[in-house]
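Chemist: Residues per chain, in single letters:
Number of protein chains: 2
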Amino acid sequence: MAPHDLDQTIALLTRTPAALDALLRDLPDAWTRAREGDDTWTAFDIVGHLIHGEQTDWIPRARIILQSGETQTFDSFDRQARESEPASMGRLLDAFARARSESLRELRAMHLQPVDLERRGHHPALGVVTMSELLATWAVHDLTHLHQISRVMAHQYRQAVGPWSAYLGVLHCAGHGMP
Amino acid sequence: MAPHDLDQTIALLTRTPAALDALLRDLPDAWTRAREGDDTWTAFDIVGHLIHGEQTDWIPRARIILQSGETQTFDSFDRQARESEPASMGRLLDAFARARSESLRELRAMHLQPVDLERRGHHPALGVVTMSELLATWAVHDLTHLHQISRVMAHQYRQAVGPWSAYLGVLHCAGHGMP
Chain E
1 MAPHDLDQTI ALLTRTPAAL DALLRDLPDA WTRAREGDDT WTAFDIVGHL IHGEQTDWIP
61 RARIILQSGE TQTFDSFDRQ ARESEPASMG RLLDAFARAR SESLRELRAM HLQPVDLERR
121 GHHPALGVVT MSELLATWAV HDLTHLHQIS RVMAHQYRQA VGPWSAYLGV LHCAGHGMP
Chain F
1 MAPHDLDQTI ALLTRTPAAL DALLRDLPDA WTRAREGDDT WTAFDIVGHL IHGEQTDWIP
61 RARIILQSGE TQTFDSFDRQ ARESEPASMG RLLDAFARAR SESLRELRAM HLQPVDLERR
121 GHHPALGVVT MSELLATWAV HDLTHLHQIS RVMAHQYRQA VGPWSAYLGV LHCAGHGMP
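Keeping their order, the protein sequence lines are chains E and F. Heads up: the first sequence at position 161 corresponds to 161 in my numbering, and the numbers run straight through without jumps. Heads up: the second sequence at position 61 corresponds to 61 in my numbering, and the numbers run straight through without jumps.
Worth flagging that the hints you see were computed from the coordinates, not collected in a lab.
Just a few of them, taken from the derived set where beta-carbon distance is under 10 Å, the chain E residues facing chain F: (1) T16; (2) R25; (3) V128.
As the structure is a prediction and not an experimental result, all values here were calculated from the model. Ideal Cβ positions, reconstructed from N, Cα and C, are used throughout, including at glycine.
Please model the complete structure; the sequences and the hints are all you need to start from.
Modeler: Rendered as structure tokens:
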């Protein structure tokens, strides 16, 4: 396991929009509008949620840490909220790419130094967190939703694969009650 | 859950190489050459395994079903084997894209009809399987490895995210002893 590395984090954050675009754009609705069960998310919902994170979570919280440290508790991030307009996958993917690009522009403009990565903030549920942890979480949040998208889509063929389901790990991932 | 649909399957199979390319090309080795533990795979290994599947599993087995039905048991697919030369991620991604493109060209040339999708083959461990199940498995196999790649990469920041690990489902996926 690696310590947090800002360049490594940015390298991943930069690639996620294009990876989702290549996977999901113009993919049939049978993949992208399907879910695992009641009150679970489609791939469409998940891209909307990623946009919401760009708007309300990552950079806004990094700003709070830089400006106020632990004295200002973050706003709660509604982990169920998501952007779903405009209502085509192509337009959602475009919106995510634009929002992520803008977030990364602002992150780079912060010129974070090692001492900044150690700065502390106050999370409403988790308590004291650091800038470094926030940025590492941003990257792993992308990966957790890529993991979720692959699981939600695979679920659609759970019966169709027949006996091969025994060999397909993604069909044995219970979702852990979280993305 | 959907029944198997050949066009839906092809739509996904077509997109996987570009999605992995967008995610992994020129990504730092700290992401792509890292693993979850001893005897587990890196993202690099996984792309090599996908190439191996194109060469020895999917289309070769579809050919056997069309030509011999249940009378010829499939060769065993070594699920641990993988192509790892040429040894750069960029070249592996190129090789996967070429191999997948060739596989899809051959799949389309089979002009499979509904009756062909019902044809049976004989799997060395699973017994009787159908063409439809084979093709659905090919698609879910892509998704299971996308799921695995996201999990392996997320693992690298397991400590770095600090208390946020509680909210990140991918860090709670045990891997199920399989990809």
